[in-house]
Amino acid sequence: MGRLFGTDGARGVANQELTCEIAFKIGQAAAFVLTEECHRKPKILIGKDTRISCDMLESALAAGLCSVGAQVVTLGIIPTPAVAYLTRKYEAEAGIMISASHNSAEYNGIKIFNSNGYKLSDTIEERIEAIILDNAEEIDMPTGDDVGTVKHCETAVEDYTEFAKNVIDCDLNDMRIAIDCANGASYKTAPRVISALGGEAFVVHNHPNGTNVNLNCGSTHTSDFSNYVKNINVDIGLSFDGDADRLMVIDELGNVIDGDKVMLICANYLKSQGMLRKDTLVVTVMSNLGLILKAEELGINTVQTAVGDRYVLEEMLKSGYSLGGEASGHIIFLNHNTTGDGLVSALNLLKILKLSGKKMSDLAKIYETMPQCIVNAKVSNKKKKNYTSDPVIIDEIQHLEDEFAGKGRVLVRASGTEPCVRVMIEGENQDIITQKARYLANIIEARLN
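Residue numbers (our numbering): 615 to 1063.
No wet-lab data here; the hints were simulated from the structure.
Do not rely on the hints blindly, as some may be mistaken.
Derived lysine to aspartate or glutamate pairs resembling EDC-like cross-links, with alpha carbons at most 20 Å apart [to be verified]:
{"#": "1", "residue 1": "972", "residue 2": "754"}
{"#": "2", "residue 1": "973", "residue 2": "785"}
{"#": "3", "residue 1": "703", "residue 2": "754"}
{"#": "4", "residue 1": "639", "residue 2": "760"}
{"#": "5", "residue 1": "1021", "residue 2": "849"}
{"#": "6", "residue 1": "908", "residue 2": "893"}
{"#": "7", "residue 1": "968", "residue 2": "754"}
{"#": "8", "residue 1": "979", "residue 2": "929"}
{"#": "9", "residue 1": "892", "residue 2": "866"}
{"#": "10", "residue 1": "965", "residue 2": "1059"}
{"#": "11", "residue 1": "1021", "residue 2": "1004"}
{"#": "12", "residue 1": "992", "residue 2": "1042"}
{"#": "13", "residue 1": "1021", "residue 2": "1010"}
{"#": "14", "residue 1": "979", "residue 2": "1059"}
{"#": "15", "residue 1": "639", "residue 2": "740"}
{"#": "16", "residue 1": "979", "residue 2": "849"}
{"#": "17", "residue 1": "639", "residue 2": "783"}
{"#": "18", "residue 1": "765", "residue 2": "631"}
{"#": "19", "residue 1": "965", "residue 2": "788"}
{"#": "20", "residue 1": "965", "residue 2": "783"}
{"#": "21", "residue 1": "999", "residue 2": "752"}
{"#": "22", "residue 1": "932", "residue 2": "893"}
{"#": "23", "residue 1": "1021", "residue 2": "929"}
{"#": "24", "residue 1": "999", "residue 2": "1059"}
{"#": "25", "residue 1": "655", "residue 2": "776"}
{"#": "26", "residue 1": "996", "residue 2": "754"}
{"#": "27", "residue 1": "973", "residue 2": "866"}
{"#": "28", "residue 1": "892", "residue 2": "929"}
{"#": "29", "residue 1": "992", "residue 2": "976"}
{"#": "30", "residue 1": "997", "residue 2": "1010"}
{"#": "31", "residue 1": "997", "residue 2": "911"}
What follows is a list of derived Cβ distance ranges for each label pair [stated by the list, open to error]:
{"#": "32", "residue 1": "825", "residue 2": "779", "range": "29 to 35 Å"}
{"#": "33", "residue 1": "653", "residue 2": "888", "range": "31 to 37 Å"}
{"#": "34", "residue 1": "1021", "residue 2": "748", "range": "43 to 49 Å"}
{"#": "35", "residue 1": "970", "residue 2": "751", "range": "52 to 58 Å"}
{"#": "36", "residue 1": "1008", "residue 2": "920", "range": "31 to 37 Å"}
{"#": "37", "residue 1": "888", "residue 2": "1008", "range": "33 to 39 Å"}
{"#": "38", "residue 1": "754", "residue 2": "869", "range": "55 to 61 Å"}
{"#": "39", "residue 1": "915", "residue 2": "738", "range": "15 to 21 Å"}
{"#": "40", "residue 1": "1016", "residue 2": "920", "range": "21 to 27 Å"}
Note that CB positions come from ideal geometry on N, CA and C, so glycine has one too.
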């Protein structure tokens, strides 16, 4: 992770950590770096989610882009994966999304896609950072007719939903589907696509007001939605996050099904159809050990990467794989889109559910999840990487790894998007691993705060 960009773009409390000044400079530097070989006035798209601070940051970004001569096209409120798709469709030089994904409303973020719809590499992000923070390169400022302009695209939502409707080759007739839009960017797109394909949609948390995005709803707050799904006699519940790049699933009984199980269900189906490239699923080190063991039994290879869908994507592109993702619900179907897309993931799963004739709870029995506990140790962004050099923390981690060796595992990492260190332990006994994870998290907080 860099000084400005984390695993998923630049992120912080809007107007305090992520200011208009920073947004303006990101616009300037991004336009300069990503369009330096462009022989026309470059086109750069901007999408946003429903946060109240998006308008402010959009204006600052657009000003920075225009000051370097870019033609800015605003897309309005739209999912992150839609920006990736439309950057390709509209043949833009870059696409920028303003969103803090699953974080609460006071946060916001800026993530950038290149002309092919892929998140920027570490190298390019580091160059942008150096321009902003170190004045490493001088940006020529155009004048007169060469100054950029801003236009709004009225068809962005329609163009993305048309793409999404063609992801699967079957209808959703006779399916009852609950949808939690997290009061976020999917509040128009997801219900529209599900209904257009014949599904009967039961939609909640689709009334954004600027401050209620992810508020007790969405993919990271599934409790209320799980109860809703259990009590309204539907086939499945789909829970998106604020920018709709991730998906959590609720079965008809109200049980949460995470990205690990969704991935393996989809991988197993695609393998049976000869459509899983190299019979391989790409996951992160946070994926449950139960998935790894069952995948091997099913003849599916697994490749593990560092946490972050950008690293999953890098491995997929490097080695020619077609499916990968994270337990958190970021799933990349590379045959359809270039980034995690909650709606694409949902549609692929809905197709499998319909063709199988089974209940979602039966599909979710594909493997038994090994007990896992994740505890967040609250540590400031400036200090959250220091656990790697603290001798007391290092000794405690080593002690736990020795204790669980062969019967589980311990994983500690700094969050790429939040001020915390995540402690994850897997083992045979839920009570024991929960106790140990909390103990280690308390030590990390005490040592680093």
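Outcome of the hint check:
1. For a cut-off of 20 Å, the pair hint linking residue 972 to residue 754 is broken: about 61 Å separates their Cα positions.
2. For the hint pairing residue 973 with residue 785, the CA-to-CA distance comes to about 17 Å; that is within 20 Å, so the pair holds.
3. For a cut-off of 20 Å, the pair hint linking residue 703 to residue 754 is broken: about 29 Å separates their Cα positions.
4. For the proposed pair residue 639 and residue 760, the alpha carbon gap of about 19 Å is at most 20 Å, so the pair holds.
5. Distance hint between residue 1021 and residue 849 is unfulfilled; the C-alpha atoms sit about 36 Å from each other, more than 20 Å.
6. Simply put, residue 908 and residue 893 have alpha-carbon atoms about 14 Å apart, close enough for the 20 Å limit, and the pair holds.
7. As the CA atoms of residue 968 and residue 754 are separated by approximately 56 Å, the hinted pair breaks the 20 Å bound.
8. Between residue 979 and residue 929 the CA atoms are separated by roughly 28 Å; this puts the pair beyond 20 Å, and the hint is violated.
9. A threshold of 20 Å between alpha carbons decides the hint, and for residue 892 with residue 866 the separation of about 33 Å lies outside it, so the pair is violated.
10. A distance of roughly 45 Å separates the Cα atoms of residue 965 and residue 1059; the hinted pair therefore is violated under the 20 Å criterion.
11. Note on residue 1021 and residue 1004: the hinted pairing is violated, with a Cα-Cα distance of about 26 Å set against a maximum of 20 Å.
12. This hinted pair does not check out: residue 992 and residue 1042 have alpha carbons roughly 26 Å apart, beyond 20 Å.
13. For the hint pairing residue 1021 with residue 1010, the CA-to-CA distance comes to about 18 Å; that is within 20 Å, so the pair holds.
14. At most 20 Å may separate the alpha-carbon atoms for a hinted pair to count; residue 979 and residue 1059 exceed this at roughly 37 Å.
15. Straight-line distance between C-alpha atoms of residue 639 and residue 740 comes to about 14 Å, which keeps the hinted pair within the 20 Å bound.
16. Using a Cα cut-off of 20 Å, the hinted pair residue 979 and residue 849 holds, with the two alpha carbons roughly 16 Å apart.
17. Taking the CA atoms of residue 639 and residue 783, the gap is near 44 Å; set against the 20 Å cutoff, the hint is violated.
18. At roughly 28 Å between alpha-carbon atoms, residue 765 and residue 631 are farther apart than 20 Å, so this suggested pair is violated.
19. About 12 Å separates the Cα atoms of residue 965 and residue 788, which keeps this hinted pair within 20 Å; it holds.
20. Only pairs whose Cα atoms come within 20 Å are accepted, and residue 965 paired with residue 783 is accepted, the gap being roughly 8 Å.
21. Restraint check: the Cα-Cα separation between residue 999 and residue 752 comes to about 32 Å, which exceeds 20 Å; the hinted pair is violated.
22. Proposed proximity of residue 932 and residue 893 is supported: the alpha carbons are some 15 Å apart, at most 20 Å.
23. Note on residue 1021 and residue 929: the hinted pairing is violated, with a Cα-Cα distance of about 28 Å set against a maximum of 20 Å.
24. Proposed proximity of residue 999 and residue 1059 is supported: the alpha carbons are some 12 Å apart, at most 20 Å.
25. Taking the CA atoms of residue 655 and residue 776, the gap is near 28 Å; set against the 20 Å cutoff, the hint is violated.
26. About 33 Å separates the Cα atoms of residue 996 and residue 754, which puts this hinted pair outside 20 Å; it is violated.
27. Proximity of residue 973 to residue 866 is assessed by CA-CA distance (about 7 Å); at most 20 Å being required, the pair is judged to hold.
28. Note on residue 892 and residue 929: the hinted pairing holds, with a Cα-Cα distance of about 13 Å set against a maximum of 20 Å.
29. Simply put, residue 992 and residue 976 have alpha-carbon atoms about 37 Å apart, too far for the 20 Å limit, and the pair is violated.
30. For the proposed pair residue 997 and residue 1010, the alpha carbon gap of about 18 Å is at most 20 Å, so the pair holds.
31. Annotation: proposed proximity of residue 997 to residue 911 is violated, straight-line Cα distance about 41 Å (limit 20 Å).
32. Checking the proposed 29 to 35 Å range against residue 825 and residue 779 shows it holds: the Cβ atoms sit about 31 Å from each other.
33. Checked against the hint of 31 to 37 Å, the C-beta distance between residue 653 and residue 888 comes to roughly 42 Å, which is inconsistent with it.
34. In this structure the hint that residue 1021 and residue 748 lie 43 to 49 Å apart at CB holds, the actual value being about 48 Å.
35. As the Cβ distance of residue 970 to residue 751 is approximately 55 Å, the hint placing it in 52 to 58 Å holds.
36. Remark: the range hint 31 to 37 Å for residue 1008 to residue 920 is contradicted by a beta-carbon distance near 19 Å.
37. Our hint of 33 to 39 Å for residue 888 and residue 1008 is violated, since their Cβ atoms are close to 47 Å apart.
38. In this structure the hint that residue 754 and residue 869 lie 55 to 61 Å apart at CB holds, the actual value being about 57 Å.
39. The hinted window of 15 to 21 Å between residue 915 and residue 738 is violated, with their beta carbons roughly 30 Å apart.
40. Against the hinted window of 21 to 27 Å, the Cβ-Cβ separation of residue 1016 and residue 920 comes to about 23 Å, which satisfies the hint.
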